[in-house]
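Q: Chain A is already provided as a structure; the job is to place chain B on it using the hints.
The lines below spell out each chain.
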Amino acid sequence: GAGVSQTPSNKVTEKGKYVELRCDPISGHTALYWYRQSLGQGPEFLIYFQGTGAADDSGLPNDRFFAVRPEGSVSTLKIQRTERGDSAVYLCASSSPPGALYGYTFGSGTRLTVV
Amino acid sequence: AQSVTQLGSHVSVSEGALVLLRCNYSSSVPPYLFWYVQYPNQGLQLLLKYTSAATLVKGINGFEAEFKKSETSFHLTKPSAHMSDAAEYFCAVRGYYGQNFVFGPGTRLSVLP
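Quick mapping for you: the protein sequence lines, in order, are chains A and B. Those letters in the first sequence? Residues 1184 to 1298, per our numbering, in order. Those letters in the second sequence? Residues 146 to 258, per our numbering, in order.
One chain only, chain A, in its complex shape (with noise of 0.2 Å):
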C-alpha cells in the first residue's frame, strides 16, 4: 500500500483480556517495527522484525507481549492479560533497507484503552 495501516484505530478492552494489534506495513518493506507511545512521553522501541524473524525485541515490557511476522509482511502484536498500565497509542513503522539511518515510515498508530 501507499503508507503503513495500522488497524484498529481505537481498541477498548476490560483488564485481563487479550488484544490483538495488527500492521500492514508499505509493500516491499523488509523491516518492521513496533513502538509503545504512552500519554505525554515519546515512543519507545518494542521489537524489529527483518523478514519473518524478529531481529531484536528486547524492547518487550514482559511475557505478556508477544509479535509474529509470519509471511514478512503482516505483522501482528499480540497482548494477554491486559493491564491499565498497557493503555498507550502502539505505532508501527517500515523501512527498506532497514535501520534508523534510512528514518521509517510511520502509521497511525492503534490507540489502546484498558479499562
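When the alpha-carbon atoms are kept at most 25 Å apart in a straight line, the in silico SDA-like pairs for lysine to any residue are as follows:
no., chain 1, residue 1, chain 2, residue 2
1, A, Lys1194, B, Gln190
2, B, Lys213, A, Leu1284
3, A, Lys1194, B, Ala232
4, B, Lys203, A, Pro1280
5, B, Lys214, B, Tyr170
6, A, Lys1261, B, Gln244
7, B, Lys214, A, Tyr1285
8, B, Lys213, A, Tyr1285
9, A, Lys1261, A, Ser1192
10, B, Lys203, A, Leu1284
11, A, Lys1194, B, Asn186
12, B, Lys214, B, Arg167
13, B, Lys213, B, Tyr170
14, B, Lys203, A, Gly1282
15, A, Lys1194, A, Ala1271
16, A, Lys1194, B, Tyr184
17, A, Lys1194, B, Gln187
18, A, Lys1261, B, Gly188
From chain B, some residues computed to sit far from chain A (all C-beta separations above 10 Å):
no., residue
19, Ala146
20, Gly161
21, Thr222
22, Met228
If you are wondering where the hints come from, they were derived from the structure by calculation, not from laboratory data. Quick caveat, the model's predicted, so the values are computed rather than measured. For every residue, glycine included, the Cβ atom is placed at its ideal position computed from N, Cα and C.
A: For chain B alone, coordinates are given in the frame of chain A:
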C-alpha cells in the same frame, strides 16, 4: 547508553516569530540524530536527520537543525513560525545497534496568531 532530553514540554511562539526547540543527547556510539513531527491523530513524520555529514541540516517545511558535538545538542529552528507548525516534535538518536530510535519526551509547539 542512548538517551535524549528535550528542554520544555510546551513552547508557545507568535506567528512569524523564531522557533527554537531544544534537544540534547547522550550516545555511546557516533550519533545519528533525527527530528520527527507528529500532528494530531497522525503518525510520526521525519523532518530532518544528521548522519555525520554536514553539521547544519535542512529539512522540510523550512526547519533546520545544527549538530554541535561539544554541546551534545541538536536544536531545531525555524526563522518564522506558521500556524500549520503547531504539533508535537520529537528528537531521537539511533539506538546502539542502529536499528531503532531512542526518542525524547517531545515538545508541543503552539503558534499564536
